[in-house]
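Protein chains: 4
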Amino acid sequence: MSDRKTRFGRLSRHELGITVAMSTMTEERLRVRYGDTDMMGHAYYANYLYWFEQARGAWCRDRGFTYKGLEEMGYKLPVVEVWARYKGEVKYDDWIVVRVWLAERKRAAIQFRYEVVNESLGKVVTEGYTWHVFVGEEMKPVTISDAVKSMLDREPSDWERLP
Amino acid sequence: MSDRKTRFGRLSRHELGITVAMSTMTEERLRVRYGDTDMMGHAYYANYLYWFEQARGAWCRDRGFTYKGLEEMGYKLPVVEVWARYKGEVKYDDWIVVRVWLAERKRAAIQFRYEVVNESLGKVVTEGYTWHVFVGEEMKPVTISDAVKSMLDREPSDWERLP
Amino acid sequence: MSDRKTRFGRLSRHELGITVAMSTMTEERLRVRYGDTDMMGHAYYANYLYWFEQARGAWCRDRGFTYKGLEEMGYKLPVVEVWARYKGEVKYDDWIVVRVWLAERKRAAIQFRYEVVNESLGKVVTEGYTWHVFVGEEMKPVTISDAVKSMLDREPSDWERLP
Amino acid sequence: MSDRKTRFGRLSRHELGITVAMSTMTEERLRVRYGDTDMMGHAYYANYLYWFEQARGAWCRDRGFTYKGLEEMGYKLPVVEVWARYKGEVKYDDWIVVRVWLAERKRAAIQFRYEVVNESLGKVVTEGYTWHVFVGEEMKPVTISDAVKSMLDREPSDWERLP
Numbered sequence: 038m039s040d041r042k043t044r045f046g047r048l049s050r051h052e053l054g055i056t057v058a059m060s061t062m063t064e065e066r067l068r069v070r071y072g073d074t075d076m077m078g079h080a081y082y083a084n085y086l087y088w089f090e091q092a093r094g095a096w097c098r099d100r101g102f103t104y105k106g107l108e109e110m111g112y113k114l115p116v117v118e119v120w121a122r123y124k125g126e127v128k129y130d131d132w133i134v135v136r137v138w139l140a141e142r143k144r145a146a147i148q149f150r151y152e153v154v155n156e157s158l159g160k161v162v163t164e165g166y167t168w169h170v171f172v173g174e175e176m177k178p179v180t181i182s183d184a185v186k187s188m189l190d191r192e193p194s195d196w197e198r199l200p
Numbered sequence: 038m039s040d041r042k043t044r045f046g047r048l049s050r051h052e053l054g055i056t057v058a059m060s061t062m063t064e065e066r067l068r069v070r071y072g073d074t075d076m077m078g079h080a081y082y083a084n085y086l087y088w089f090e091q092a093r094g095a096w097c098r099d100r101g102f103t104y105k106g107l108e109e110m111g112y113k114l115p116v117v118e119v120w121a122r123y124k125g126e127v128k129y130d131d132w133i134v135v136r137v138w139l140a141e142r143k144r145a146a147i148q149f150r151y152e153v154v155n156e157s158l159g160k161v162v163t164e165g166y167t168w169h170v171f172v173g174e175e176m177k178p179v180t181i182s183d184a185v186k187s188m189l190d191r192e193p194s195d196w197e198r199l200p
Numbered sequence: 038m039s040d041r042k043t044r045f046g047r048l049s050r051h052e053l054g055i056t057v058a059m060s061t062m063t064e065e066r067l068r069v070r071y072g073d074t075d076m077m078g079h080a081y082y083a084n085y086l087y088w089f090e091q092a093r094g095a096w097c098r099d100r101g102f103t104y105k106g107l108e109e110m111g112y113k114l115p116v117v118e119v120w121a122r123y124k125g126e127v128k129y130d131d132w133i134v135v136r137v138w139l140a141e142r143k144r145a146a147i148q149f150r151y152e153v154v155n156e157s158l159g160k161v162v163t164e165g166y167t168w169h170v171f172v173g174e175e176m177k178p179v180t181i182s183d184a185v186k187s188m189l190d191r192e193p194s195d196w197e198r199l200p
Numbered sequence: 038m039s040d041r042k043t044r045f046g047r048l049s050r051h052e053l054g055i056t057v058a059m060s061t062m063t064e065e066r067l068r069v070r071y072g073d074t075d076m077m078g079h080a081y082y083a084n085y086l087y088w089f090e091q092a093r094g095a096w097c098r099d100r101g102f103t104y105k106g107l108e109e110m111g112y113k114l115p116v117v118e119v120w121a122r123y124k125g126e127v128k129y130d131d132w133i134v135v136r137v138w139l140a141e142r143k144r145a146a147i148q149f150r151y152e153v154v155n156e157s158l159g160k161v162v163t164e165g166y167t168w169h170v171f172v173g174e175e176m177k178p179v180t181i182s183d184a185v186k187s188m189l190d191r192e193p194s195d196w197e198r199l200p
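Protein chains in written order, with the numbering used here: chain C, 38 to 200; chain X, 38 to 200; chain S, 38 to 200; chain Y, 38 to 200.
Mixed in with the good hints, there may be bad ones.
If chains are identical, the list can't say which one is meant, so a pair holds when it fits in one copy or spans any two.
Using 27 angstroms as the maximum straight-line C-alpha spacing, the simulated DSS-like pairs for lysine-lysine come out as follows [unchecked claim]:
id	residue 1	residue 2
1	K128	K113
2	K105	K177
3	K177	K160
4	K124	K105
5	K105	K160
6	K177	K128
7	K186	K160
8	K143	K177
9	K128	K105
10	K177	K124
11	K128	K160
Honestly, the hints are just simulated from the structure, not real lab data. Remember, predicted model here, so these are calculated numbers, not experimental data.
Given these sequences and hints, build the entire structure.
Shown next, in the form of structure tokens:
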């Protein structure tokens, strides 16, 4: 994510990837299913968003909690913005690794960034980010509590990854 | 898309939405399915990318050709970049209208921009863009031919929308 | 659905398709999306279940109510059984018509049957059924009330199809 | 699968589950994603078909080959029939185990059967089957070759599971 522009125009600060990672990277490994492909023979572009979500779940478990647990605490984290750049091929039966890390935290929102590595190709084939707002019961944005902040600040090394 | 920034950081030129639309807007209307929702009760964020694709297909038919026809001409238009901002709710059984227009054209790539209007709310709930590269048989980028350029430049008013 | 067996074994009463239709057929027309296909070039088999659901929604609106309305009345109709036989091809951009009708009603359950017609081929390419149980607030099966029975017994001709 | 009928009618030979398993059971474990759920809070019924497919892939690898390899040999195995009965709940973040085994083999078709175990509940929540036809290059049914028969007859214990 060091390149300063895509072939397709100037990039925003997020897209420039100059955000300092706020968290250690978590990796989630998964295999591409036949149903994830389209007639072009590649994984359909919408499926990557499912993989991003799966990686976020792993990121939480890496820190000793679950997204489900956050919802039980009364929070929801709807996605309010997503960006992805597809730079390489992902095909059926490929093993991919989704790297995810917390890149930014605001009063009521957080940004996760992602890199999708295609193990068959041994390179990063996709990168992206998602912005999430913390909302309460009526889907109204709420300030992230200190309790949650400390959860987001956890170091995987200090926690046993939840099964 | 007049606002110059999101709550979530400075925006790229594309995201600023100041690109001059290169084409008349095409609208595609669809209803949200039960299977499009998630346990939060809203349409899952990945589904919007399917809707964008459906709208692109309508944009082509509005100009007297089909995306399928482009593939039969030997072109494929894989998505190389996607961005979406979710600003409002979309729920089961809502009627939504996806507005799509060609926003930019480069030597071998085009950008479509989108607005998703939730008819139940009467407002734009999501906006986004996709970048597509024109590739040939071996998935290698190819310069957009004049024949295709003229198809992209068509005015819906001059063409009967394909069924 | 007159044939009494598939190439793949004897069929159950449901599969024999000898159930007397309890309702007029409703038709829902839709176009196959690129994301619905897989690398084999056909619509992936799971997508038909989304189409079945979309057709059920149309079946309700054809009778002046919505599935959403049933949920607002306190009912949910989870699918407890599904069967489908794929007999012909469905490809990208094909227009298909999903025929749906109520085939059976038990104390707390109903069966919908389906036929998927591929307009490009002009033939029935898929048939199937789904069984749904009426459940109440705690997802416990409940007897179908007379009020709901009368809704299920409605004739489309007597009702204006909801938009 | 010992029960001889559902609440929803007499069952076919397949559904009776009295078919003698032709192969050792293979198990594939996966976690339910947020995007797999619907507003009812359960996994949407179509997603199970993706899980069945993922389990079939594992069944092959358990025997030292891959479905992808079969396609490279010139075969395709489109699904021509699917059946599933949903008997229990599957929710977000649940760990499920999909059991799959070869239940029947005909001249040009095979049937896989499935059981989905929800580890959180410790019980079988869904069962099903899929029928697949072996087709060649032009999607025409072809007799299963002895080479492929011997692959289908393999015992996992004799083969190292492919990664």
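Okay, the hints, checked on the actual structure:
| no. | hint | in the structure |
| --- | --- | --- |
| 1 | K128 - K113 | between (33 angstroms within a copy, 16 angstroms between copies) |
| 2 | K105 - K177 | both (18 angstroms within a copy, 24 angstroms between copies) |
| 3 | K177 - K160 | between (40 angstroms within a copy, 18 angstroms between copies) |
| 4 | K124 - K105 | between (32 angstroms within a copy, 23 angstroms between copies) |
| 5 | K105 - K160 | between (32 angstroms within a copy, 22 angstroms between copies) |
| 6 | K177 - K128 | between (39 angstroms within a copy, 17 angstroms between copies) |
| 7 | K186 - K160 | neither (33 angstroms within a copy, 34 angstroms between copies) |
| 8 | K143 - K177 | within (15 angstroms within a copy, 41 angstroms between copies) |
| 9 | K128 - K105 | between (30 angstroms within a copy, 11 angstroms between copies) |
| 10 | K177 - K124 | between (36 angstroms within a copy, 12 angstroms between copies) |
| 11 | K128 - K160 | within (14 angstroms within a copy, 32 angstroms between copies) |
The structure fails hint 7 only (numbered hints given earlier).
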